[in-house]
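*Asks:* Protein chains in written order, with my numbering: chain A, 262 to 543; chain B, 262 to 543; chain C, 262 to 543; chain D, 262 to 543.
These are calculated hints, taken from the structure and not from any lab test. Treat the numbers as computed from the prediction; the structure is a model and nothing was measured. Accuracy of the hints is not assured; some may be wrong.
Treat identical chains as interchangeable: a pair holds within one or across any two.
Said to hold, decoys possible - Using 27 Å as the maximum straight-line C-alpha spacing, the simulated DSS-like pairs for lysine-lysine come out as follows:
#1 K329 <-> K341
#2 K329 <-> K299
#3 K439 <-> K371
#4 K329 <-> K520
#5 K341 <-> K299
#6 K265 <-> K439
#7 K520 <-> K299
#8 K341 <-> K520
#9 K265 <-> K371
#10 K329 <-> K371
Protein chains: 4
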Amino acid sequence: MMSKLQSFGFIGGDKRQLYCGRSMEEDGYSVSYCGFAKEQEGFRVHDSDLSSVIRQSDALILPVPCTKDGLTIHAPLAEKTLFLDELTEVFGRVPIFCGMTQLLPFTSEKLYDYSRQEGFAVANAVPTAEGAIQYAMQHDDGTINGSRCLVVGYGRIGRVLSAMLHGLGAEVTVSARKERDRAFIRAAGQKAIDSGALVGRYDLIFNTVPERLLSAQVLAGIAAGALIIDLASEPGGVDRDAAERLSIPVIHALSLPGKVAPKASGRIIKNAVYHIIREEGL
Amino acid sequence: MMSKLQSFGFIGGDKRQLYCGRSMEEDGYSVSYCGFAKEQEGFRVHDSDLSSVIRQSDALILPVPCTKDGLTIHAPLAEKTLFLDELTEVFGRVPIFCGMTQLLPFTSEKLYDYSRQEGFAVANAVPTAEGAIQYAMQHDDGTINGSRCLVVGYGRIGRVLSAMLHGLGAEVTVSARKERDRAFIRAAGQKAIDSGALVGRYDLIFNTVPERLLSAQVLAGIAAGALIIDLASEPGGVDRDAAERLSIPVIHALSLPGKVAPKASGRIIKNAVYHIIREEGL
Amino acid sequence: MMSKLQSFGFIGGDKRQLYCGRSMEEDGYSVSYCGFAKEQEGFRVHDSDLSSVIRQSDALILPVPCTKDGLTIHAPLAEKTLFLDELTEVFGRVPIFCGMTQLLPFTSEKLYDYSRQEGFAVANAVPTAEGAIQYAMQHDDGTINGSRCLVVGYGRIGRVLSAMLHGLGAEVTVSARKERDRAFIRAAGQKAIDSGALVGRYDLIFNTVPERLLSAQVLAGIAAGALIIDLASEPGGVDRDAAERLSIPVIHALSLPGKVAPKASGRIIKNAVYHIIREEGL
Amino acid sequence: MMSKLQSFGFIGGDKRQLYCGRSMEEDGYSVSYCGFAKEQEGFRVHDSDLSSVIRQSDALILPVPCTKDGLTIHAPLAEKTLFLDELTEVFGRVPIFCGMTQLLPFTSEKLYDYSRQEGFAVANAVPTAEGAIQYAMQHDDGTINGSRCLVVGYGRIGRVLSAMLHGLGAEVTVSARKERDRAFIRAAGQKAIDSGALVGRYDLIFNTVPERLLSAQVLAGIAAGALIIDLASEPGGVDRDAAERLSIPVIHALSLPGKVAPKASGRIIKNAVYHIIREEGL
Numbered sequence: 262m263m264s265k266l267q268s269f270g271f272i273g274g275d276k277r278q279l280y281c282g283r284s285m286e287e288d289g290y291s292v293s294y295c296g297f298a299k300e301q302e303g304f305r306v307h308d309s310d311l312s313s314v315i316r317q318s319d320a321l322i323l324p325v326p327c328t329k330d331g332l333t334i335h336a337p338l339a340e341k342t343l344f345l346d347e348l349t350e351v352f353g354r355v356p357i358f359c360g361m362t363q364l365l366p367f368t369s370e371k372l373y374d375y376s377r378q379e380g381f382a383v384a385n386a387v388p389t390a391e392g393a394i395q396y397a398m399q400h401d402d403g404t405i406n407g408s409r410c411l412v413v414g415y416g417r418i419g420r421v422l423s424a425m426l427h428g429l430g431a432e433v434t435v436s437a438r439k440e441r442d443r444a445f446i447r448a449a450g451q452k453a454i455d456s457g458a459l460v461g462r463y464d465l466i467f468n469t470v471p472e473r474l475l476s477a478q479v480l481a482g483i484a485a486g487a488l489i490i491d492l493a494s495e496p497g498g499v500d501r502d503a504a505e506r507l508s509i510p511v512i513h514a515l516s517l518p519g520k521v522a523p524k525a526s527g528r529i530i531k532n533a534v535y536h537i538i539r540e541e542g543l
Numbered sequence: 262m263m264s265k266l267q268s269f270g271f272i273g274g275d276k277r278q279l280y281c282g283r284s285m286e287e288d289g290y291s292v293s294y295c296g297f298a299k300e301q302e303g304f305r306v307h308d309s310d311l312s313s314v315i316r317q318s319d320a321l322i323l324p325v326p327c328t329k330d331g332l333t334i335h336a337p338l339a340e341k342t343l344f345l346d347e348l349t350e351v352f353g354r355v356p357i358f359c360g361m362t363q364l365l366p367f368t369s370e371k372l373y374d375y376s377r378q379e380g381f382a383v384a385n386a387v388p389t390a391e392g393a394i395q396y397a398m399q400h401d402d403g404t405i406n407g408s409r410c411l412v413v414g415y416g417r418i419g420r421v422l423s424a425m426l427h428g429l430g431a432e433v434t435v436s437a438r439k440e441r442d443r444a445f446i447r448a449a450g451q452k453a454i455d456s457g458a459l460v461g462r463y464d465l466i467f468n469t470v471p472e473r474l475l476s477a478q479v480l481a482g483i484a485a486g487a488l489i490i491d492l493a494s495e496p497g498g499v500d501r502d503a504a505e506r507l508s509i510p511v512i513h514a515l516s517l518p519g520k521v522a523p524k525a526s527g528r529i530i531k532n533a534v535y536h537i538i539r540e541e542g543l
Numbered sequence: 262m263m264s265k266l267q268s269f270g271f272i273g274g275d276k277r278q279l280y281c282g283r284s285m286e287e288d289g290y291s292v293s294y295c296g297f298a299k300e301q302e303g304f305r306v307h308d309s310d311l312s313s314v315i316r317q318s319d320a321l322i323l324p325v326p327c328t329k330d331g332l333t334i335h336a337p338l339a340e341k342t343l344f345l346d347e348l349t350e351v352f353g354r355v356p357i358f359c360g361m362t363q364l365l366p367f368t369s370e371k372l373y374d375y376s377r378q379e380g381f382a383v384a385n386a387v388p389t390a391e392g393a394i395q396y397a398m399q400h401d402d403g404t405i406n407g408s409r410c411l412v413v414g415y416g417r418i419g420r421v422l423s424a425m426l427h428g429l430g431a432e433v434t435v436s437a438r439k440e441r442d443r444a445f446i447r448a449a450g451q452k453a454i455d456s457g458a459l460v461g462r463y464d465l466i467f468n469t470v471p472e473r474l475l476s477a478q479v480l481a482g483i484a485a486g487a488l489i490i491d492l493a494s495e496p497g498g499v500d501r502d503a504a505e506r507l508s509i510p511v512i513h514a515l516s517l518p519g520k521v522a523p524k525a526s527g528r529i530i531k532n533a534v535y536h537i538i539r540e541e542g543l
Numbered sequence: 262m263m264s265k266l267q268s269f270g271f272i273g274g275d276k277r278q279l280y281c282g283r284s285m286e287e288d289g290y291s292v293s294y295c296g297f298a299k300e301q302e303g304f305r306v307h308d309s310d311l312s313s314v315i316r317q318s319d320a321l322i323l324p325v326p327c328t329k330d331g332l333t334i335h336a337p338l339a340e341k342t343l344f345l346d347e348l349t350e351v352f353g354r355v356p357i358f359c360g361m362t363q364l365l366p367f368t369s370e371k372l373y374d375y376s377r378q379e380g381f382a383v384a385n386a387v388p389t390a391e392g393a394i395q396y397a398m399q400h401d402d403g404t405i406n407g408s409r410c411l412v413v414g415y416g417r418i419g420r421v422l423s424a425m426l427h428g429l430g431a432e433v434t435v436s437a438r439k440e441r442d443r444a445f446i447r448a449a450g451q452k453a454i455d456s457g458a459l460v461g462r463y464d465l466i467f468n469t470v471p472e473r474l475l476s477a478q479v480l481a482g483i484a485a486g487a488l489i490i491d492l493a494s495e496p497g498g499v500d501r502d503a504a505e506r507l508s509i510p511v512i513h514a515l516s517l518p519g520k521v522a523p524k525a526s527g528r529i530i531k532n533a534v535y536h537i538i539r540e541e542g543l
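Next up, chain A with everything else stripped away, as it sits in the complex (with noise of 0.2 Å):
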């Protein structure tokens, strides 16, 4: 790829922004960070401080988030808090790539959101659909193969979900909302019943949807001696009081990606850093 950019600096972030840079460096580009003080299992990184970084680089990369609370850039592997406001110099003056821009209190010029980017979201359900896979394979003491599995929500998650399950041989079942996606489940040699008629006997639950579809009733119909994974974020689409009362264990599992795949979650950042690259011609 030629790009004018030739050095990154990346500012705060977890192991997938460490897998993110080595794998830049691969591509021949030069690297720095900031906010990495806190040594993570191989690897061997330089921690500069800010204005450091600044200086020698092209443009920033920031993590996903970039920031919680709209003050300090999210930096969880930093020894010392990380201001967004000292990024104010830079503004407009290069590229910062950054993921949930919509969590800062500002804008700016070559500000790229790359979690935006399309196919970011997508790419992640790969890794979050097999840190279900993983979560299910801790806590159960079945197999996934020929267990019947339960798929709540068939967007993007659910979609690579269910193919996976499926791939592994379980008896896989997904629900939807919508009859068209209903006819791309049966298409997959799948079952497809409507979310808004859950029923049926599982051993394994994965809800994708952030609403409470699995409510006190569905739960007690479908649920008994099952195990839910959930991946909706806060608060879940499970009952957790009704769960709790019927015995049935659930897993809230979040972020999965920097969890249990930075690796990969890494070089999904990289791809789509690439991508707006090339696309805005920098």
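Position chains B, C and D relative to chain A; hints supplied.
*Replies:* Structure of chains B, C and D alone, referenced to chain A:
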């Protein structure tokens, strides 16, 4: 299904309508036919005249497409021409289920287009994809298993077809314009390329895009020795002159569901009609 | 591949041998033909007489089967009969690669049976399974996707065929006598039943077992309305009289590789011949 | 299942036996336990002494393996040692179902080895393969989807594992010694190589062969940067010293069924016991 409609009259169409009618009879409905005088293997239907069918029916079912000329009902199995305006008397009085109503010169209350029902097009992608595979098997002296297949386009048909080819053990590459689609393709364990930059060497090429993506230049690069199955509606997506010069055989395969799987297609029509009945409370 | 054999003479056989020969020419060998006077689409070969082919060739390749009557070479594309004893002069002098040598009335040094080469039969299961699927598609008005398929027997063909049907999105049940095989079937995400107790209702039944497992009684229970593809060698595994009484269509599909995929089959022959050359140091 | 045996005594073993017992209780049998004093999550069993269990039981079920030292019953959850010779009194009187009876210092009438039941080993390949995938997911920062996987060996485990990896969307290469197996591998849409000539570059390597195929030389060529999961029994199939020198992590994963999927494994034991009961008419 509880419905006030208990008797259905099929007017025009091909074997799909016969299968649809038989399946509705098996569901307990009473069914009559007009426009099916030419006997079809496996069927023995009593072919009535139009007024008699109208008299006996709570609702009418026309084929997809319901007309080709805006004047007559599409009725390839009829022995005499059926004019659309013979239906005038029932307009607005009895429900008419119809495919591709955009071809009609009029509109009417109680006119329902089952071909626009969500799920109908996706469901038809299945017989289309299987038909494409059948044609490839018939016209190629190789096997799908182990062959290098390119599917151009990742809409409904491309998505279903590429999964089936993968399931048969082919080496599948799919082209798509959107990075989002390419991410789904890769997640499905297939190779993704940009529809705007078709590259590689293939044994079988399936086109689903109604644009001339398979131009002379592209053909020369990817298709020498390949068989092309073109599924895109006229004029298709292949530069036929170039293909002929390059001795690349092209099979233009249209309207596959009715040709290769009228039984499955009839059931899809039935499901769409039932869906409308439920939704509209007919 | 380094070999002393540089020229090959094809004597008898069908389109598979033509594809095999073409592929060997592409690999750099010199090739001549005897018994191919009837022109085949896509081929223009010079058909020589036997003595001329023998003179030009370091080795001979006979078809599979090499003979049907123990007297003449199986040569359906020849215009005159080729007698096996015309080969007497070369016995033991030049290597002869042959299929199904058990049908020959003699044996000889330097006679190699490529059809017994390990891997040959498994490789041929692929075109056989695809051929079975093609026939089912051609003769059935439904789709494989979503249909209930029964595969009787889990030998080479049953194993490859059931995986392909599964990959097309069918609901696959496979019968096997051995619990060991049934465990493999279940591991593959399919339903396993005992070949001795065929139960269920199916849309498509594929028989691979050369025993009358599909007796009148069994047919009555599982096959009403089904299409049967019988892949077992004569007399097949279906009680034909019973099937006729029950109006169950049976397609007896034999020698599929040569019929539906001569190109793939020709390559399989070539690979087997090459394998023998390597193993024997010819 | 009609059987004279109505009560079963479980003596020794781990959580698999608890799941097996629970499942048999659900089938209506009466069950007692000896050697399960250490409480296991999800289970509350009454742990009796041996003589009491023997008195109450029509048949006994010992674990797999039934002993490790030929002296005591393998009973990791027991609080006191159980000696094999305490069973002497029941020999030949009541059926004893046992795993790996070859480790016993005696034989006896009415002693049945369920681990030798055909199908048992194949059924256990499923939890083994899933366990291998779980370990790979836990120890690798990438995803299985899209990764280059090598499975060394195409026995029971290799066959099930490679299909699962393929189903998760990995790029799967399998090595096998026999051309016959390689033909099956290719038919399954995977890449086949010779176990004697391991080549390529991989992200994940799964060894199933109890021979040192992954020698120093081979490792240097195929495994730099890879994670190896070795499933072969001690001493495994990897040159560990070489792997360490090359900084290639090796996880030696043994006895996976009991560790990762005791519930599934318990059901496999139950099915094998039931199978013997049916076969032997007990």
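*Asks:* With 27 Å as the alpha-carbon cut-off, assign the pair K329 and K341 to within, between, both or neither.
*Replies:* within (16 Å within a copy, 55 Å between copies)
*Asks:* Evaluate K265 and K371 at a C-alpha cut-off of 27 Å and name the case that applies: within, between, both or neither.
*Replies:* Within one copy, since 14 Å is at most 27 Å while 62 Å is not.
*Asks:* My question is about K341 and K520: at a cut-off of 27 Å on alpha-carbon distance, are they close within one copy, between copies, both, or neither?
*Replies:* within (22 Å within a copy, 42 Å between copies)
*Asks:* Pop the pair K439 and K371 into one bin, within, between, both or neither, using alpha-carbon distances up to 27 Å.
*Replies:* For K439 and K371, the Cα distance is within 27 Å only across copies (23 Å; inside one copy 39 Å).
*Asks:* Measure nothing new, just compare the shortest in-copy and cross-copy C-alpha distances for K265 and K439 to 27 Å and report within, between, both or neither.
*Replies:* Intra 46 Å, inter 25 Å, cutoff 27 Å: inter-copy only.
*Asks:* Quick one: K341 to K299, C-alpha cut-off 27 Å, is that within a copy, between copies, both, or neither?
*Replies:* Result: close within a single copy only, 11 Å intra versus 47 Å inter.
*Asks:* Cα distance capped at 27 Å. Does K329 pair with K299 within a copy, between copies, both, or neither?
*Replies:* This pair counts as within: shortest intra-copy Cα distance 20 Å, inter-copy 45 Å.
*Asks:* My question is about K329 and K520: at a cut-off of 27 Å on alpha-carbon distance, are they close within one copy, between copies, both, or neither?
*Replies:* Answer is within; shortest intra-copy Cα gap is 17 Å, inter-copy 39 Å.
*Asks:* Under a CA distance limit of 27 Å, which applies to K329 and K371: within one copy, between copies, both, or neither?
*Replies:* within (21 Å within a copy, 54 Å between copies)
*Asks:* At most 27 Å between alpha carbons: which applies to K520 and K299, within, between, both or neither?
*Replies:* Within one copy only: 16 Å inside a chain, 33 Å across chains, cut-off 27 Å.
In summary, this structure violates none of the numbered hints.
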